Structures are given as structure tokens and as C-alpha cells.
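Each protein sequence line maps, in turn, to chains H and W. At position 302 of the first sequence (counting the first as 1) the number is 294 in the working numbering, and the numbers step up by one without a gap. At position 63 of the second sequence (counting the first as 1) the number is 55 in the working numbering, and the numbers step up by one without a gap.
Watch out, some of these pointers could steer you wrong.
Treat identical chains as interchangeable: a pair holds within one or across any two.
What the hints assert, rightly or not - No more than 16 Å apart at the CA atoms, straight line, and that leaves these computed lysine to aspartate or glutamate pairs for EDC-like:
id : residue 1 : residue 2
1  : K129      : D152
2  : K129      : E24
3  : K229      : D125
4  : K80       : D97
5  : K129      : D256
6  : K331      : D(-1)
7  : K80       : D302
8  : K331      : D125
9  : K80       : D19
10 : K331      : D152
11 : K27       : E171
12 : K331      : E252
13 : K129      : D118
14 : K305      : D256
15 : K228      : E162
16 : K27       : D97
17 : K304      : E220
18 : K331      : D256
19 : K27       : E162
These are calculated hints, taken from the structure and not from any lab test. This one's a predicted model, so the numbers in the text were calculated from it and none came from an experiment.
Residue strings, one per chain:
Number of protein chains: 2
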Amino acid sequence: MAASLQDVARMVGVSISTVSRALHRPDMVDAETRKRIDVAVSALGYVPQGVGRALVSRRTRSVGAVVPRIGASAFAQTIEALRQGLGKANYTLLLAQPAINEQADLRPLRTLIERGVDGVVLLGNDCPSAWLDLIAKNGLPVATIWADAGNALPGAIGFDNYIAGQQAAEHLLSLAHREFAFISGHLASNQRARQRYQGLLETIAAGGGRLSRELIVEADYGFADGYEAARHLLSKKLPFSALICGNDYLALGAMAGLREQGLDIPHDISVIGFNDSEFSPFVNPPLTTIRFPSVEIGTIAAETLLAAIDSKKAMPPPQMLPTALVRRSSTGPLQHGRKHG
Amino acid sequence: MAASLQDVARMVGVSISTVSRALHRPDMVDAETRKRIDVAVSALGYVPQGVGRALVSRRTRSVGAVVPRIGASAFAQTIEALRQGLGKANYTLLLAQPAINEQADLRPLRTLIERGVDGVVLLGNDCPSAWLDLIAKNGLPVATIWADAGNALPGAIGFDNYIAGQQAAEHLLSLAHREFAFISGHLASNQRARQRYQGLLETIAAGGGRLSRELIVEADYGFADGYEAARHLLSKKLPFSALICGNDYLALGAMAGLREQGLDIPHDISVIGFNDSEFSPFVNPPLTTIRFPSVEIGTIAAETLLAAIDSKKAMPPPQMLPTALVRRSSTGPLQHGRKHG
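Work the whole structure out from these sequences, hints included.
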């Protein structure tokens, strides 16, 4: 049973109109009361009347997705596949994005649920329990996609980032590289980044390679971030012949940073990314990368969610799809006459 | 006065429940009737009850945007700036996308309006009059962004693609290039592409250059499309020393296609794009391009729309922002010893 405005007012000990004002005209309510109301709204999973409620008896034929970044990103292909899959069944995909790096921002999810959707997709988030609670309390099926194997709920569709990390390291070890550097996504806030790191770390260690702490840089997942990180790594004057980048955006930026210092890729330094982004075959040199099942995730998410909406059954157990090395020209055998290291 | 379900039923001469079925369970209504209902719904600007209607008296604090492509695209920076601008005023941006290349697809726009939004953004569309009608009939302010100067409605925010085309051609002419090839977006369906073409065509003609019909290829705006188009152009065995690409996605793909045939950029062929996409400074060689005011468009759209929502006044006259040449290394002076042409 979904919570009502009354339930919220009762929990906080204020009038219904105060709760309503806090939700619609927050500037008219003092910060302390607003905060207590927020806590109650969150605890009860309350969603304002009107919309979801008005449509409770019929399909809205829309699915809402919360994504970390709507524009250019590693998720673009997944979003497109999801949209196409839903579109085939005459469903519209509505997208909303929280303030960047603020997983605590419940507003986009709340907006989607308020507007009335038949199901929810959470893409590439660590899925804070407050989000999952809000969805569950509104009785909606949810697909958590780009989920990591270590963090997989029912309805999860993703892949094993540990194995992806392992694949990258194994490829470079097989080319005789032993001295590594790593530009990573943010490890504290990103489960996938942590698992990739763990996979490559254990593989490098097992293969007798070295990844010194000083040659690990954390960065946002943008081109410019990769460029800056590569310059920073070179400034340490420590030897490495292979650079592992947390995704292809970082890798493209990093290659520009290395080139600018006169280094040749792959002769002086081999570079590998993750994701197999759309641009990766077309850059110079074409980028070796670990392919993620980006399109498949979107397609399966659409099918699974539509089936759950139709059947009113629970979402299926986690589905983890394979990742694979895509070997192009940005990696090559260790060269002894190289400029760096 | 917004149209009702009854109005639609009366216009078509069927029962209200048939109209309702056609909207929510289209598979249960025969195609002929469905088509007539679609025509009536469109003519009347009808939007289903419940949502927009239920919220008529209060702000939804959300803005809906219809975008041609949600994933990686030239629009990514604009969408992010728009989201940030709206976010500052506590507004959520909801995005929906029509089936690709189907401007006739009214569904995403309808879904957004049904869900209740305070304003609408149409991004990078030619803005079919059916869309504008539906928005006007629901009394919502609308910003048409990435609008071309030649196609600018009130609330338009964009830039002059004719001038952008001119800037690209002038740059190449100043480097002594006289033989051109052009990979364009689809001219029939894209006003911006047509204007870019017109600007560069008149500039090339005025400067005594040549752009033969056989060296003009139309393509979708993707990396792979640029790659294929470049290969196709080379297969004609006609001379050209400068390749103009309709956006940076095409240009990156085209450079890969040229390199594969052993051509050096810019020594053998100069390449220029449009947009100054996020990747363009980081590719090899860094891409010369015409910068579009992508971020500014998003920022101004958010401000303008929020002001119109607050004041309930009409949107301001069209705002056209400047474009500029960003000179990098993919273009250079005409070389007489080059391989091609």
C-alpha cells in the first residue's frame, strides 16, 4: 500500500498543507522542517498524488530510466538499444539524470515515478538503497543495468568487471609487458571501477608484473581527464611500458597526452581501454579495448522489463554477460629500444 | 480550451471507448480506424486525461525535451548544459526521443506533455508543425534549440549554419585549397545541413574552387558513416585536397578511411569538421572544426524557459549565437607533392 500525504504529515507531526508546501514550494518552509519531511517522505516511499496514482489502473506505456550522464558517455549504446527495444512494444523511454556524482539525489527518480511509469531502469549506478526502496514501495519492476557481478540484485543485467580487468592485464602480460600504469575511474564511488582494478591487480601480481601505487591515478571518465592523468603519470619519471585506462574516453585523452610528450603508441607505450566505445575503431592508432556488452544489456533490459510488466511477475535473477578483448593497434609487444622507462 | 476524448470520438464518429482503446491498446483497433483517430487526435491537439490535466493548477517543476538522439551525439554538451541550468532552479529535465529519422513520430512529445511538464524543449529537429501545434494547444512555452537562422521561431536559440559553412570554406581557401570533397548530413531532412552546404558552396564558388557533384556524399552522422563515405569518395579517383565533413563524427571516421588508404592528414588531404565535439582536441591529428555554441545554447535555453514559465509571458525572439573556426592540425596548406589528386 503506497503512503499518503497524511502518513507523511503524521510521521513528522505537521499539517498536510505544510508537507505539500515543502514538496512544491520548498522555499516557503524552514530548512529544519523540510529536512524532517524529506526523511519521512523517503522512509515511507511517498510519491505525490495525481499522476502515478491517477494511472494506477492502466498502463502508461512508458519506462523511466535514471542514468548517470545523458550526453556522450560509455552508456550511449545501451540507452539507444533500450529505447529501440521498448519502442518495438510501443513504449516510450523517459530519461532523467541526477546532479553529477550525487547518488543521494532522489529527485530524478521521484519525478519519473510521479509522472507515471510502468517500470524503472537504473543504469550504471551503485543503486543506493533509498532508490530501490522508493521503487519497491511504488510496486514497480526495476532493471539495474551495467550492474557488476559482485553487486547484482534480481533484475540486474551486467557483466563481471573483475574478469574485464583480468582480460586487459592478461593481454598486456602476454605481450611481455611487466611495468604498468593505471588511470582509473573513482574507486570509492564506483563498484565497477573497483572490480576492474581488483581483476587487473591480481592478474598483474600473479604474472610477476609491477603496478606501483604512484602509477595509479583516479579521474573522471572524460577525454580531458585522461589527457591530464597521462601527463601527470609521465611527470613521475617512473618506468612503465603499458598504460591501462578505466574506459575508452580516458584512453583517447591519455594517448593525446603521451603523443604530446613525443611518445609513440604502441612502440613506446601500449594503451588499452575498456568498453569498446563507438569511436574506438576509428581513432589513431585504433584502440585495443575490452568490449562490454553495451548493446546486449539494453536489448535484454527492454525485453525483461516488458515481460515483467506484462506478467506482473518478479524480475529474473541477475544476468551476467561476457566481456571480450578487442585487439587493435594501440597495444603491441614490449620494445626494448623504447623512449620511455 | 484543450480537446477532450469526446471531441476526438465525435470527430471520428466512433465511441469514446474505441478512441481510448486506440490510444492505449492500439493492437485491439483495426488499422483504418486507428489511422482516422490518429488524424483527429493530431488535429485537435488532444492529450489524454489524468496527468497534465491533474496538475494544471500547479508547477510540475519539470521540463520535457525531445531530442533526435539521446546517446553519443553532437547534442551531448547542450543537453548537459540544459540539465545543469534547470537543475539550479530545482527543475528536472525529462528526455524522450522519437524513432530515429521519424519526425512524424509524435509519441515522445505526447508522452512528455501527458506526464505533465511546465515547458518543452525541441532540440535539433526541423520542428514539424504538428509538434508545435500540440505544444501550443497545451499552452506550454517551448524553446526550439539548435535552430538554424533561416528557420527560427520565437523561443529559438541556435546559430547560422550558412555562416558556419562559409567559415569552413574560407579557412580551406586561405590555405590555397581549390579542389574540395564534402560528406554531408542528409540534405532533404535537415535544414542545418542544407544551410551549411549553401554557405560553403557559395564561398567555394566565389573563391574559384571546385566542388564537383560526384564528390558530395550524404550520410548519417556517425563515425562508421564517415569512414564508409571517405572510402567511397576515394574510389571515384577524382582529385581533391580538402575534405569538408558535416560534423566531427563524420570527420573522425573519414580520417580513419583516408589513413587506411595510405593518405596522410593534412599532408595529402586536409580534413575539417563542424561542432568542436568533446573528442576533437584529442584525436590524432587534432581536428580543425567550426565550433558551435553547444554549451551556451543549453544554458540560455534553461534561463529563457524558466523565465517564461515564471512570468507566463511569451518566449523571446530568436537568438542566434556566433560560430568560430578552431584551427588544429588536421588542415594545412596545399602541398604540391601530395599522394592524392
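Hints versus structure:
no. : hint         : verdict
1   : K129 - D152  : neither (29 Å within a copy, 49 Å between copies)
2   : K129 - E24   : neither (25 Å within a copy, 41 Å between copies)
3   : K229 - D125  : neither (49 Å within a copy, 63 Å between copies)
4   : K80 - D97    : between (31 Å within a copy, 13 Å between copies)
5   : K129 - D256  : neither (55 Å within a copy, 60 Å between copies)
6   : K331 - D(-1) : neither (68 Å within a copy, 77 Å between copies)
7   : K80 - D302   : within (15 Å within a copy, 38 Å between copies)
8   : K331 - D125  : neither (54 Å within a copy, 64 Å between copies)
9   : K80 - D19    : between (43 Å within a copy, 13 Å between copies)
10  : K331 - D152  : neither (35 Å within a copy, 47 Å between copies)
11  : K27 - E171   : neither (50 Å within a copy, 66 Å between copies)
12  : K331 - E252  : within (13 Å within a copy, 26 Å between copies)
13  : K129 - D118  : neither (19 Å within a copy, 41 Å between copies)
14  : K305 - D256  : neither (55 Å within a copy, 58 Å between copies)
15  : K228 - E162  : neither (25 Å within a copy, 44 Å between copies)
16  : K27 - D97    : within (13 Å within a copy, 42 Å between copies)
17  : K304 - E220  : neither (49 Å within a copy, 46 Å between copies)
18  : K331 - D256  : within (8 Å within a copy, 24 Å between copies)
19  : K27 - E162   : neither (50 Å within a copy, 58 Å between copies)
Checked against the numbered hints listed earlier, the structure breaks hints 1, 2, 3, 5, 6, 8, 10, 11, 13, 14, 15, 17 and 19; every other hint is satisfied.
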